[in-house]
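> This is what each chain is made of:
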Amino acid sequence: QKEVEQDPGPLSVPEGAIVSLNCTYSNSAFQYFMWYRQYSRKGPELLMYTYSSGNKEDGRFTAQVDKSSKYISLFIRDSQPSDSATYLCASKETSGSRLTFGEGTQLTVNP
Amino acid sequence: IAGITQAPTSQILAAGRRMTLRCTQDMRHNAMYWYRQDLGLGLRLIHYSNTAGTTGKGEVPDGYSVSRANTDDFPLTLASAVPSQTSVYFCASSDTFVWAGAVTDTQYFGPGTRLTVL
Numbered sequence: 001q002k003e004v005e006q007d008p009g010p011l012s013v014p015e016g017a018i019v020s021l022n023c024t025y026s027n028s029a030f031q032y033f034m035w036y037r038q039y040s041r042k043g044p045e046l047l048m049y050t051y052s053s054g055n056k057e058d059g060r061f062t063a064q065v066d067k068s069s070k071y072i073s074l075f076i077r078d079s080q081p082s083d084s085a086t087y088l089c090a091s092k093e094t095s096g097s098r099l100t101f102g103e104g105t106q107l108t109v110n111p
Numbered sequence: 001i002a003g004i005t006q007a008p009t010s011q012i013l014a015a016g017r018r019m020t021l022r023c024t025q026d027m028r029h030n031a032m033y034w035y036r037q038d039l040g041l042g043l044r045l046i047h048y049s050n051t052a053g054t055t056g057k058g059e060v061p062d063g064y065s066v067s068r069a070n071t072d073d074f075p076l077t078l079a080s081a082v083p084s085q086t087s088v089y090f091c092a093s094s095d096t097f098v099w100a101g102a103v104t105d106t107q108y109f110g111p112g113t114r115l116t117v118l
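As given, the protein sequences belong to chains A and B, one line each in that order.
Residue numbers 1 to 111, in our numbering, belong to the letters of the first sequence in order.
Residue numbers 1 to 118, in our numbering, belong to the letters of the second sequence in order.
Just so you know, the hints here were simulated from the structure itself, not pulled from any lab data.
Just so you know, not all the hints are guaranteed correct.
Only pairs whose alpha carbons sit at most 27 Å apart, straight line, appear in this in silico DSS-like list of lysine-lysine [what the hints assert, rightly or not]:
| # | chain 1 | residue 1 | chain 2 | residue 2 |
| --- | --- | --- | --- | --- |
| 1 | B | Lys57 | A | Lys42 |
| 2 | A | Lys67 | A | Lys56 |
| 3 | A | Lys2 | B | Lys57 |
| 4 | A | Lys56 | B | Lys57 |
| 5 | A | Lys92 | A | Lys67 |
| 6 | A | Lys56 | A | Lys42 |
| 7 | A | Lys92 | A | Lys42 |
Computed Cβ-Cβ distance ranges for the label pairs, DEER-style [unchecked claim]:
| # | chain 1 | residue 1 | chain 2 | residue 2 | range |
| --- | --- | --- | --- | --- | --- |
| 8 | A | Arg98 | B | Gly40 | 36 to 42 Å |
| 9 | A | Asp78 | B | Lys57 | 17 to 23 Å |
| 10 | A | Glu93 | B | Asp26 | 42 to 48 Å |
| 11 | B | Ser65 | A | Ser28 | 32 to 38 Å |
Small disclaimer: the values here were computed from a predicted structure and weren't measured.
Virtual Cβ for every residue (Gly too), placed ideally from N, Cα, C.
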């Protein structure tokens, strides 16, 4: 079993829709949770960073962590065609430990 | 500021050949990483280096070697390439910062090298 599971999609939504991207993890020691965005033929770039449980909002993006259910979510409001990319969740135990990535979910926002 | 550069952008290689993928960062980050990204498997760590002069094995190190002679460069070598090493390779470096009272880090990725081994 992978430590971080993510539905690869693909997910296709109309412009303006609310998008929900999700991951589950199995390692109870994970404390840091990240979302990376990866455009086609580019390297991943950090989108959101959270520590422990709770929500973090940044513009149209909200990251949510529920440690009790080991569930990580990314919500995108008013989705735009420019949001079309692969979104990868990632987790790690401590500040110096290695990142474990999910497989990534491919999202297409149609104009 | 370029960030992280990787070379070559893409390469087709015959099986059995030796190949070095280059990675250079200009952010003076201490830690650097090599990942491979494959469909259905996501990003997997090959090797890492916490600081110049040190290296460590990641999740899938077999068939790969690295060196870290200085802060900026972190080359990845395939001594004798095999078709299963066909992949997209990403180099990353990490910067530390304080978050929720603890020192943590975030990784910055290069643009990747697409390698095909025939």
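> I want to verify a distance hint. Is the separation of the beta carbons of aspartate 78/A and lysine 57/B within 17 to 23 Å?
violated, 44 Å
> Assess, step by step, whether the Cα of lysine 2/A is no farther than 27 Å from the Cα of lysine 57/B, and give holds or violated.
holds, 19 Å
> Are the Cα atoms of lysine 57/B and lysine 42/A separated by 27 Å or less?
holds, 25 Å
> Tell me if the straight-line CA distance from lysine 56/A to lysine 42/A falls inside 27 Å.
Judged against 27 Å, a Cα distance of about 25 Å means the pair holds.
> Taking 27 Å as the top limit, are the C-alpha atoms of lysine 92/A and lysine 67/A close enough?
holds, 13 Å
> When you check the alpha-carbon spacing of lysine 67/A and lysine 56/A, does it fall within 27 Å?
At roughly 14 Å apart (the allowed maximum being 27 Å), lysine 56/A and lysine 67/A satisfy the hint.
> Between the alpha carbons of lysine 92/A and lysine 42/A, is the straight-line distance 27 Å or under?
holds, 23 Å
> If you check the beta carbons of arginine 98/A and glycine 40/B, does the distance land in 36 to 42 Å?
Since the Cβ atoms of arginine 98/A and glycine 40/B sit about 21 Å apart, the hinted range of 36 to 42 Å is violated.
> Please test the hint of 32 to 38 Å on the beta carbon pair from serine 65/B and serine 28/A.
34 Å Cβ-Cβ, so the 32 to 38 Å window holds.
> Mind checking the alpha carbons of lysine 56/A and lysine 57/B for me, to see if they're no more than 27 Å apart?
violated, 33 Å
> Given the range 42 to 48 Å, decide if the beta-carbon distance of glutamate 93/A to aspartate 26/B lies inside it.
With a Cβ separation near 30 Å, glutamate 93/A and aspartate 26/B fall outside 42 to 48 Å, so the hint is violated.
Consistency with the previously given hints fails for numbers 4, 8, 9, 10, ordered from lowest to highest.
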